[in-house]
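> Okay, here's what each chain looks like letter by letter:
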Amino acid sequence: MGFGFALGVFGGLILAHAAYATIQYRGMLKIVEEEFSGPPMNVVVELLLGLALCMWAGLAAPTKFLSILPDSDENRIVSLPTNLDFMIFNHRGRVFPSSDAELKLKSKS
Amino acid sequence: MVGAAEEARLRRLESQVENGGGGAWEYLCLVRKLKLRRSDQVLRHGLALLNDPRARSKLGGEEWTLYEQVAIAAMDCQKLDVAKDCIATLSKQFPSSGRVGRLEAMMHEARGAWAEAERAYALLLENNPFDQITQKRRVAMAKAQGNISAAVDYLNKYLEIFMADHDAWRELAEIYVSLQMYKQAAFCYEELILAQPTVPLYHLAYAEVLYTMGGLENLQTAKKYYALTIELTGGKNTRALYGVCLCSAAISQLTKGRNKEEKEGSELQSLAVEALTKDYKKRAPAKVPLLTNMLRNMKLTS
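Chains as they are written, first to last, in my numbering: chain A, 1 to 109; chain B, 1001 to 1302.
Rather than coming from a laboratory, the hints here were simulated on the basis of the structure.
For clarity, every value in this text was computed on a predicted model and none was experimentally measured.
There may be inaccurate statements among the hints.
Claimed, not checked - A short list of chain B residues far from chain A (calculated; beta carbon distances all over 10 Å):
(1) Val1002
(2) Trp1025
(3) Ser1039
(4) Lys1058
(5) Arg1119
(6) Lys1299
Claimed, not checked - Capping the alpha-carbon separation at 27 Å, the derived lysine-lysine pairs in DSSO-like fashion look like this:
(7) B:Lys1092 to A:Lys106
(8) A:Lys104 to B:Lys1035
(9) B:Lys1058 to A:Lys106
Said to hold, decoys possible - Covered by chain A, according to a simulated footprint, are these stretches of chain B (three or more residues, beta-carbon under 8 Å):
(10) 1003-1009
(11) 1081-1092
(12) 1181-1192
Where is the CB? At the ideal position from N, CA and C, for every residue including glycine.
Sequences and hints are given; from them, build the entire structure.
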């Protein structure tokens, strides 16, 4: 996680530097009065590198990937929930009340 | 649906809470989310939370949900005075609320005052005729009184209106199974499979109903559904593995003279036997002889 996050920060810095370099390049073009034909090589390389690093960080930094397979150990359904909407109260609990009798809701004061 | 990971988390939390390690609120939330019936634990730990003013004020608005949960748990444990206190607190907070009215009606149910409960539910339904939970409570009440045929009638009427309610379909299927009306139960499970095709337990229950009905065709279909259950659970469902074995044995007994389809069936069955033996060796080595004995009796292994 730490490594991926550091890579992400580095990638972000590279992207920022690419932006800065582009602005500088445009300023230089204005001085020498040339037409803008395309970004310089170092900016393109920086952009590609930043993209790759940020992508890496996006995949590695947040958390582990979760399984989407229905039969994987995390997703495997082992039991159905009790059908609580149809819960009925006349069961053995009436004859065998739970042991501790001192349960009591204290009134709110 | 309760997944394997969630079940493990619940077990851990439960033992932690039981041994006084805290995390009671988290446990109660998980119980509510997974819709489990742990009334005894919910009553004890929920009441402890409610009786502690500091813990209660930390819950904020969730406090009222907890009151409701504890009230229902108390009714389930027949601690009627606790339930009464909880409901009184709730009705003071939310006067003339339908949800609290339902709790009061459930209280009548827990006391066994069926007539009063019936009247209360009828009143609630008058105000809100499409209240699903209240309608389901009436079904449950018929069941609690032992009037199963009325429960079936109510459920059928309910399902004509709310066809997408799979809990109700499941309840109807279980009632039919308890009445040994397997054809109708099979229909309900078919509906459930259509509604939620990724839940292996419905496939398993359907296969079991088919197996119980018997007959060559049903057995072959049952075997297919058992196989599907195995696929959806990654072979971790022992019941489905047994089902495949039993179906194969029954089918081979029925088709003793003519062995046309012997080939394709025998592979599945031997794989199931293998998986079962492996599972038993890993988890219960003492019971392996029992298993091999039984399989030999069914003539599945030599």
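> The structure should be examined with respect to each hint, and the outcome stated for every one.
Each hint tested on the structure:
1. Val1002: violated, 5 Å
2. Trp1025: holds, 17 Å
3. Ser1039: violated, 8 Å
4. Lys1058: At roughly 15 Å from the nearest Cβ of chain A, Lys1058 (chain B) sits farther out than 10 Å, so the non-interface label holds.
5. Arg1119: holds, 18 Å
6. Lys1299: Holds: least Cβ distance 30 Å, greater than 10 Å.
7. B:Lys1092 to A:Lys106: Distance of about 15 Å is within 27 Å: holds.
8. A:Lys104 to B:Lys1035: holds, 24 Å
9. B:Lys1058 to A:Lys106: Holds: Lys1058 (chain B) and Lys106 (chain A) sit about 17 Å apart, inside 27 Å.
10. 1003-1009: holds (count 4)
11. 1081-1092: Satisfied; 5 residues make the cut.
12. 1181-1192: Violated: only 0 residues of the segment 1181-1192 of chain B have a Cβ under 8 Å from chain A.
Checked against the numbered hints listed earlier, the structure breaks hints 1, 3, 12; every other hint is satisfied.
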